[in-house]
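J.: Start from the sequences and build out the full structure, keeping to the hints where you can.
Number of protein chains: 4
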Amino acid sequence: MKNDVSDWWSTEIIDMAPGQIRMRGHPIEDLIGTVSFPQMIWLMTRGDLPTEAEAKLFECALVAAVDHGPQAPSIAAARMAVTCGLSLNGAMANAVNMLDDVHGGAGEQAVELYGWIDEAVQGGQPLEEATGTMIDRWQAERSKFIPGFGHRFHKPEDPRAPRLLGLVEEAASKGVVSGRFAAIGRQMQATLNARKGKPVPMNIDGATAVIYAELDFAGPLARGLFCLSRSVGAIAHGWEQMQQGGRNKGPTPPAYRWTYTGKNPIGE
Amino acid sequence: MKNDVSDWWSTEIIDMAPGQIRMRGHPIEDLIGTVSFPQMIWLMTRGDLPTEAEAKLFECALVAAVDHGPQAPSIAAARMAVTCGLSLNGAMANAVNMLDDVHGGAGEQAVELYGWIDEAVQGGQPLEEATGTMIDRWQAERSKFIPGFGHRFHKPEDPRAPRLLGLVEEAASKGVVSGRFAAIGRQMQATLNARKGKPVPMNIDGATAVIYAELDFAGPLARGLFCLSRSVGAIAHGWEQMQQGGRNKGPTPPAYRWTYTGKNPIGE
Amino acid sequence: MKNDVSDWWSTEIIDMAPGQIRMRGHPIEDLIGTVSFPQMIWLMTRGDLPTEAEAKLFECALVAAVDHGPQAPSIAAARMAVTCGLSLNGAMANAVNMLDDVHGGAGEQAVELYGWIDEAVQGGQPLEEATGTMIDRWQAERSKFIPGFGHRFHKPEDPRAPRLLGLVEEAASKGVVSGRFAAIGRQMQATLNARKGKPVPMNIDGATAVIYAELDFAGPLARGLFCLSRSVGAIAHGWEQMQQGGRNKGPTPPAYRWTYTGKNPIGE
Amino acid sequence: MKNDVSDWWSTEIIDMAPGQIRMRGHPIEDLIGTVSFPQMIWLMTRGDLPTEAEAKLFECALVAAVDHGPQAPSIAAARMAVTCGLSLNGAMANAVNMLDDVHGGAGEQAVELYGWIDEAVQGGQPLEEATGTMIDRWQAERSKFIPGFGHRFHKPEDPRAPRLLGLVEEAASKGVVSGRFAAIGRQMQATLNARKGKPVPMNIDGATAVIYAELDFAGPLARGLFCLSRSVGAIAHGWEQMQQGGRNKGPTPPAYRWTYTGKNPIGE
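Order-wise, the sequence lines are chains A, B, C and D. Counted from 1, the first sequence has number 49 at position 50 by numbering that gives the first Met the number 0; the numbering is strictly sequential. Counted from 1, the second sequence has number 14 at position 15 by numbering that gives the first Met the number 0; the numbering is strictly sequential. Counted from 1, the third sequence has number 16 at position 17 by numbering that gives the first Met the number 0; the numbering is strictly sequential. Counted from 1, the fourth sequence has number 235 at position 236 by numbering that gives the first Met the number 0; the numbering is strictly sequential.
Don't read these hints as lab results, they were simulated from the structure. Among the hints, erroneous ones may be present.
Same chains, same names: a pair is fine if it fits in one copy or spans any two.
[Said to hold, decoys possible] Straight-line alpha carbon distances no greater than 27 angstroms define the calculated BS3-like cross-link-like pairs of lysine-lysine that follow:
| id | residue 1 | residue 2 |
| --- | --- | --- |
| 1 | K262 | K55 |
| 2 | K154 | K262 |
| 3 | K195 | K262 |
Small disclaimer: the values here were computed from a predicted structure and weren't measured.
T.: So this is what it looks like as structure tokens:
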């Protein structure tokens with residue numbers, strides 16, 4: 000009878016006995032003080048330890064996405080939450096929950112789209128052609144929005160993208176990664192600019208997706224890791240708002256209110 | 000009129016202009032590839048960059064707390080969530096929300112209690128006496144539960160605690176931190192063992208709180224950073240559960256159900 | 000300058016001035032004590048007030064779905080949450096967040112599938128044929144899972160379904176609703192039973208979707224209203240768990256733990 | 000071995016067998032179509048069924064609190080959430096999570112404070128004196144904020160409060176409730192107005208708390224039921240926002256941004 004209960008929850012991630020904890024087979028006390036936090040994240044999500052050089056590149060993606068300011072719904076939610084009485088765990092939960100398909104899913108989607116292009120290129124199609132074909136396919140099958148490109152604010156360029164691409168190419172030159180996905184990202188940039196006749200800047204999702212794809216992370220992990228990175232911003236902003244005070248802080252200053260467009264308005 | 004709207008959300012954390020992002024005054028492209036993820040977390044939450052040695056010790060706390068298995072409500076929630084159709088952001092949100100006062104607040108509370116003891120010691124009271132006094136005060140004013148000590152599973156010792164304390168003392172010997180809070184933690188261990196007449200092992204909250212207190216993190220940040228660390232486990236377990244499949248997975252195998260203790264039971 | 004801020008949030012739902020609140024154009028003090036809670040829910044989500052008979056049928060769907068016990072991930076999450084220190088708002092949030100596509104989306108999906116069949120029937124196709132065609136289409140385009148039918152526990156019949164269908168047919172006989180969707184639901188039941196060669200019982204999602212479709216609720220509202228109904232169970236169970244006590248209650252009794260299937264297990 | 004697993008989750012709320020569901024001992028099919036939604040909520044949270052008159056008064060509190068517009072953090076969160084890609088369950092979760100101590104806890108607190116006054120009055124203290132004493136005690140022991148009174152917007156009066164109090168007094172005149180808590184609410188209003196020298200209007204939390212106290216609901220349920228009521232607003236606003244469209248909608252119009260107050264601003 001015992002096994003059917005224990006088996007209901009089964010995992011390759013962690014094993015425990017009184018006084019002992021192993022993560023992916025490693026005693027926890029051998030990991031603490033030995034591996035970096037990015038190495039630990041990699042180990043937990045994938046089961047093996049990365050090389051130092053892989054971990055270094057991975058770390059760049061984690062560092063790059065921590066925050067984009069209080070107009071992002073995730074960060075606004077974290078700040079509002081603490082004025083409603085929530086502790087930082089609740090503020091983080093509200094922030095991270097916001098990172099759904101539209102706000103946090105672009106990295107996952109970009110990893111998938113890059114993968115389509117890569118598969119076509121591995122199958123012999125020239126990069127430029129494969130990129131065009133797969134952008135068309137994405138728009139036909141998924142959405143008119145191309146994940147990872149375009150920004151309503153950072154024009155002509157999101158400052159994080161060229162820095163991250165440069166670091167990928169540096170890593171590729173040392174054999175850490177293949178550089179195939181950096182090439183795909185650059186080609187997508189060229190194709191989209193040409194199609195639109197104006198810059199459609201690669202954004203943070205597009206750039207970190209290059210890194211996640213180079214390092215062979217599954218798409219859903221790209222989303223999870225973006226959430227982890229952005230959680231840092233949620234903590235920082237939630238804590239700052241706690242120190243600023245405020246109670247039940249709404250989205251706009253109270254004097255403005257909203258516009259009522261319905262039946263029988265007050266004052267008529 | 001413009002300023003009253005912009006001023007509604009005000010921050011020292013991030014500044015932006017088209018094509019430019021500064022975090023705590025640093026251009027983002029200067030941080031990416033240069034600072035480690037722990038350094039970035041420190042910068043975002045506190046405003047300044049730690050030394051390498053400080054960042055190293057901080058990293059140990061982040062690495063140590065990533066997971067405690069699927070019986071933790073946080074991890075169970077993450078795993079259930081993906082079987083209900085949620086993406087990893089939703090699974091993480093449900094996990095982190097769970098880390099409230101009882102499940103995730105012990106680190107924050109321990110930082111506070113250690114601080115009381117430290118203040119008494121700085122004011123001239125001997126450590127052993129101050130520890131006893133402040134444990135009594137905690138139980139009188141707050142709760143019978145002493146935060147950071149005791150474990151229903153890891154007896155006689157949580158394997159993470161001695162490793163973390165050892166690393167703090169190593170850092171203290173090099174002048175990175177003072178070592179005052181490691182001493183407080185050890186004294187608390189001695190006092191509690193003596194009072195109970197059996198081991199009351201320092202747990203992960205108690206041990207990471209020593210690090211957070213040594214590094215002068217505010218209590219609420221200790222909770223936020225624990226949530227960040229445990230988010231890694233939520234991602235890993237959520238992703239593993241996604242790969243295992245399952246739909247609407249409940250807490251126990253369906254054959255067991257629950258015990259009904261109310262009026263008019265079925266079958267009577 | 001004022002309008003662009005106020006216009007950022009615009010709504011037909013609520014208007015306010017100091018001392019005045021109007022919901023969908025009705026002064027709030029005219030609604031309180033006058034309309035029932037189901038009528039208010041209808042008014043808020045749709046903009047108009049239902050007849051008493053419509054509200055009565057709507058109410059049946061709200062009453063029927065409040066709970067399905069602590070093995071449902073939503074209810075388990077609510078109960079765990081309070082043992083982690085969350086108040087009832089946090090317990091409800093964790094419960095409702097669980098009600099995503101797999102756990103809470105079947106009603107929304109069933110409304111859509113019923114709508115496909117209804118459109119085909121309105122266009123002249125016989126009901127039995129339209130039902131078969133649209134079940135095939137659903138499985139080809141969406142999922143092998145037919146929303147609203149099948150239950151791992153209630154065999155051969157979910158006790159809520161026949162009661163709800165009976166009430167719809169009673170309402171149809173009085174001209175409150177058309178009864179078209181009750182007929183579609185019954186035909187789906189017949190078609191699925193015949194295809195599987197055994198009962199594939201209409202479940203709570205399938206039955207409430209008949210009501211929501213009869214009353215012309217949009218699919219996404221069917222999901223939202225199911226969440227509202229199940230929130231009642233989350234409150235009841237969260238509150239019961241608060242009174243039972245418990246700290247950091249995991250999914251299974253602590254003695255069982257989980258099964259570790261990974262590398263380098265402890266004890267080998 | 001079986002019992003220790005089933006007993007891990009134990010409840011008086013729901014019993015099930017294949018084809019059978021009982022809520023608080025009542026077969027579900029006997030409740031559907033027979034009891035109102037408010038009666039069902041009462042049954043689930045308390046275990047017994049209210050009289051029609053009790054249910055009617057209870058319903059007034061549920062109807063009154065459904066919404067307070069998009070400047071409330073809860074409603075803003077629901078609206079933002081759908082523009083981030085969340086379904087209504089996720090939007091509701093983010094909204095309800097916001098209803099913590101500051102945003103959603105005032106009703107629970109007011110039930111408690113009213114209870115203190117009532118106990119003093121039952122013990123022989125005159126109402127006016129007891130009210131003053133307990134307001135002082137609340138401010139000394141809990142918070143300078145008196146729960147349930149004061150409104151930054153509705154001055155001199157929240158339109159919901161006099162309507163709700165009137166309905167309580169009507170019910171008291173018929174012997175449905177005692178009317179003791181309505182008297183306490185009115186005395187608190189008088190005392191606070193006198194102390195402040197200006198109107199400190201009883202707000203929705205203060206008014207619904209009178210009803211919850213009259214009907215003998217425990218304080219934590221007052222919070223939970225407020226969350227249930229406000230969930231209606233979250234559904235209505237989330238659904239309206241879905242129809243309006245929008246992607247990653249932040250709190251203020253994008254042109255405004257926020258005010259940066261930190262080191263090394265851009266442009267200097």
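J.: Which numbered hints does this structure break?
T.: As far as the earlier hints go, only 3 is violated by this structure.
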